[in-house]
Amino acid sequence: MSHLLLMPVLLPLLAGALLLLWPGLGLALQRVIGVIASLSLVVVGLQLLALAASGDYHLYALGNWAPPFGIVLVLDRLSALMLVLTAVLAAFCLLYACQGTDRLGMNFHALFQFQLLGVNGALLTGDLFNLFVFFEILLLASYALLLHGGSRARSRAGLHYVIINLVGSAVFVLALATLYGVAGTLNMADLALKVAAAPVSDRPLYLAAGVLLLVVFGIKAAILPLLFWLPRAYTAASAPVAALFAIMTKVGIYAILRVFWLVFGTGDDPLQVELLAWVWPLALATLLLGGLGALGSLSLRTLTAYLVILSVGILLATLTLASPQALAAALFYLVHSTLMTAVFFLMADLIGRQRDQGYDRFHVQAGMNNRWLMAGLFFVAAISMAGLPPFSGFISKVWILHSVYSLEQGFWLWAVILFAGLLVLVALSRGGSAWFWSSPACEKQRPLNPVELLLVVVLLSASGLLSLNAEPVMGWMLLTAEQLMEPGAYLQAHPKVAELLPGGVWK
Amino acid sequence: MELILAVVLGILTASGVYLLLRGRTFSVILGLTLLSHAVNVFLFAMGRLKTGSPALIGVVDDYADPLPQALVLTAIVIGFAMTAFTVVLALKAAVELRSDHVDGEAPNEDRL
Numbered sequence: 001m002s003h004l005l006l007m008p009v010l011l012p013l014l015a016g017a018l019l020l021l022w023p024g025l026g027l028a029l030q031r032v033i034g035v036i037a038s039l040s041l042v043v044v045g046l047q048l049l050a051l052a053a054s055g056d057y058h059l060y061a062l063g064n065w066a067p068p069f070g071i072v073l074v075l076d077r078l079s080a081l082m083l084v085l086t087a088v089l090a091a092f093c094l095l096y097a098c099q100g101t102d103r104l105g106m107n108f109h110a111l112f113q114f115q116l117l118g119v120n121g122a123l124l125t126g127d128l129f130n131l132f133v134f135f136e137i138l139l140l141a142s143y144a145l146l147l148h149g150g151s152r153a154r155s156r157a158g159l160h161y162v163i164i165n166l167v168g169s170a171v172f173v174l175a176l177a178t179l180y181g182v183a184g185t186l187n188m189a190d191l192a193l194k195v196a197a198a199p200v201s202d203r204p205l206y207l208a209a210g211v212l213l214l215v216v217f218g219i220k221a222a223i224l225p226l227l228f229w230l231p232r233a234y235t236a237a238s239a240p241v242a243a244l245f246a247i248m249t250k251v252g253i254y255a256i257l258r259v260f261w262l263v264f265g266t267g268d269d270p271l272q273v274e275l276l277a278w279v280w281p282l283a284l285a286t287l288l289l290g291g292l293g294a295l296g297s298l299s300l301r302t303l304t305a306y307l308v309i310l311s312v313g314i315l316l317a318t319l320t321l322a323s324p325q326a327l328a329a330a331l332f333y334l335v336h337s338t339l340m341t342a343v344f345f346l347m348a349d350l351i352g353r354q355r356d357q358g359y360d361r362f363h364v365q366a367g368m369n370n371r372w373l374m375a376g377l378f379f380v381a382a383i384s385m386a387g388l389p390p391f392s393g394f395i396s397k398v399w400i401l402h403s404v405y406s407l408e409q410g411f412w413l414w415a416v417i418l419f420a421g422l423l424v425l426v427a428l429s430r431g432g433s434a435w436f437w438s439s440p441a442c443e444k445q446r447p448l449n450p451v452e453l454l455l456v457v458v459l460l461s462a463s464g465l466l467s468l469n470a471e472p473v474m475g476w477m478l479l480t481a482e483q484l485m486e487p488g489a490y491l492q493a494h495p496k497v498a499e500l501l502p503g504g505v506w507k
Numbered sequence: 001m002e003l004i005l006a007v008v009l010g011i012l013t014a015s016g017v018y019l020l021l022r023g024r025t026f027s028v029i030l031g032l033t034l035l036s037h038a039v040n041v042f043l044f045a046m047g048r049l050k051t052g053s054p055a056l057i058g059v060v061d062d063y064a065d066p067l068p069q070a071l072v073l074t075a076i077v078i079g080f081a082m083t084a085f086t087v088v089l090a091l092k093a094a095v096e097l098r099s100d101h102v103d104g105e106a107p108n109e110d111r112l
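So the protein lines, in turn, are chains A and B.
Just so you know, the first sequence maps onto residues 1 to 507 in UniProt numbering.
Just so you know, the second sequence maps onto residues 1 to 112 in UniProt numbering.
Next comes chain B alone, as it looks inside the complex:
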């Protein structure tokens, strides 16, 4: 279980970082999404991977930690809002700058 999770996290993060470093806004946004997925799953796993243990102290010896779920829920909501905002911003930039490059122009153009 731990090994699978670690491998999945690694692949997600690596793909996310690779896509982040691309030049077009669409792949950058996909990269951000993958990266935040990886981060959320990591945060979730920090409550330790367990099955069949309730989140109640005193009932069983081996209880689960509910806090990371609350944290990850917050992080997901924020991440969702941010992704929505970035998509709109990227569309706005693509229309205004007539280019979907993250720099909004060919690299050698004069910036002032």
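If we strip away everything but chain A, and leave its shape as in the complex, we get:
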């Protein structure tokens, strides 16, 4: 048992506590502590990625209490991938925030670390109640980060965001209580075993709990009837916070993958099939709404928020098809869309501050400093986001379309993805031409912060890098998808749970 597994939780916890409890800590020192903690998370994440590459499950039993009685942290390929993605994204967002956003209010760095604590914990945990606790940590930090700096728009969006997530938390506890009442356990591996062996009379109860969990994760991931908080919240947040929030909807999708593929995905007649039957039409509708919303957006940040919704739709629709190829393609798209969403939020801020007025609104004509530079940046980012070659957006979309080609439902996915892609292309070209084609002469010189520009460019080049190294990345995603489709190995990894398996082996 390697203690390294605990580091993604422990590091931000200690850094956050230190930042909060050290009285009179100057902003410069806060920045240093925050950046050191974030960068070490990247290193830890890469080490965990190497550890997970063997394809085994790595368990960390907290306090050495063996599962299913104690809480475990579980590392596999998927969680390692998400940890690295989170750490890299967070490092960029934090460095960007250090350019001035963190000055707008108090305790930005402590909140940022607590946010990472919640996300990393939710990615690692192997216990459903623990998942709830980490979700709450993540949410509480995100409430404060969203409101950080304060403004009318943020208070308004924050109220909606907080209230809907509190309702989500209540529903989460309701689902957990139902599961515990029927199965008597909340350890994911143990629960999977209980659900698979459940008598027919218990199935409706498990199904009810599953649908409740779908609602909870649906609020997190922003699936169609539960997504109306998202555009306003993401538009109101400050740029680095909105960029960090790019990972939050993906955490919801990760929870769906974890719970529905493991807990409800084992046995001869898994409940997963009935649950995913709900997700498929909703995911397609989410996708379509994302495209339409992007077309109707009045500012780049709102447009990006709808692109988040679109990516959630694509991901969920592809996931429900439940073939290893489609799953792997969806994971590739997940990495691409998270990075590109962050690029877009940061770029909206960068461009917005170069304009004389109107910030990132499309309908305001205003002079722009460094017009050619900004236009080039926007052009490249838009190409990658819209899924045109040669960037990772193209590869991930082609792979998704290719992997669902032979499936029965593939036709619908093709139609909706391509149509929504066209809408996004129109929206981005319209926005770009409104800004860059003919802009009046600028009234006053505005300094361009080279560090901010560099951060956006490097994050954007990650998309190019992803496409250059597409083959090894795709190989990794395929192995991850295959691991996810074989929940039996997850159960085998839990010693006490494996004893309960019929004949010690899970088919």
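Honestly, I wouldn't trust all of these hints.
[As the list claims (entries may be wrong)] Some chain B residues near chain A, calculated using beta-carbon distances under 10 Å: (1) Leu3; (2) Ile4; (3) Val39; (4) Leu43; (5) Arg48; (6) Gly52; (7) Asp65; (8) Leu67; (9) Ile78; (10) Ala81; (11) Thr83; (12) Val95; (13) Leu97.
[What the hints assert, rightly or not] Label pairs and their computed distance ranges (CB to CB): (14) Arg430/A x Val8/B: 53 to 61 Å; (15) Asp56/A x Ala14/B: 25 to 33 Å; (16) Ala285/A x Ala70/B: 55 to 63 Å; (17) Ile4/B x Phe228/A: 31 to 39 Å; (18) Leu49/B x Ser201/A: 35 to 43 Å; (19) Trp412/A x Pro66/B: 48 to 56 Å; (20) Leu49/B x Leu465/A: 56 to 64 Å; (21) Ala14/B x Ala434/A: 48 to 56 Å; (22) Glu408/A x Glu96/B: 49 to 57 Å; (23) Gly24/A x Leu49/B: 46 to 54 Å; (24) Pro66/B x Leu4/A: 31 to 39 Å.
For the record, the hints were derived by calculation from the structure and aren't laboratory data.
Glycine included, each C-beta is placed from N, C-alpha and C at the ideal position.
Using the hints, position chain B against chain A.
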């Protein structure tokens, strides 16, 4: 016992949802509180309703399950913190937006 609990839970949840759907932040917060009460009692009841049985295995045949109490304690602490946060947020929003409507404005106002 089960019937009373079920009825109480139903009433609490229904009142909570009704208040949640109101337009003013104060009633929404009350609704959230009632809803989380209902949820906590439900979680607590999932260890089965028993009296007079200790939470010890091996001493008596009919032992009680202590885990839901630990879970519900965690849920109560989190719920308490969240409610406190929401109250402060609602006050902040009411002062900044000069309205205690959950949308912070009259419904037809231009949002941008």
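Task: Structure-inconsistent hints, enumerated in ascending order - done: The structure breaks hints 1, 2, 6, 15, 16 and 18; every other hint is satisfied.
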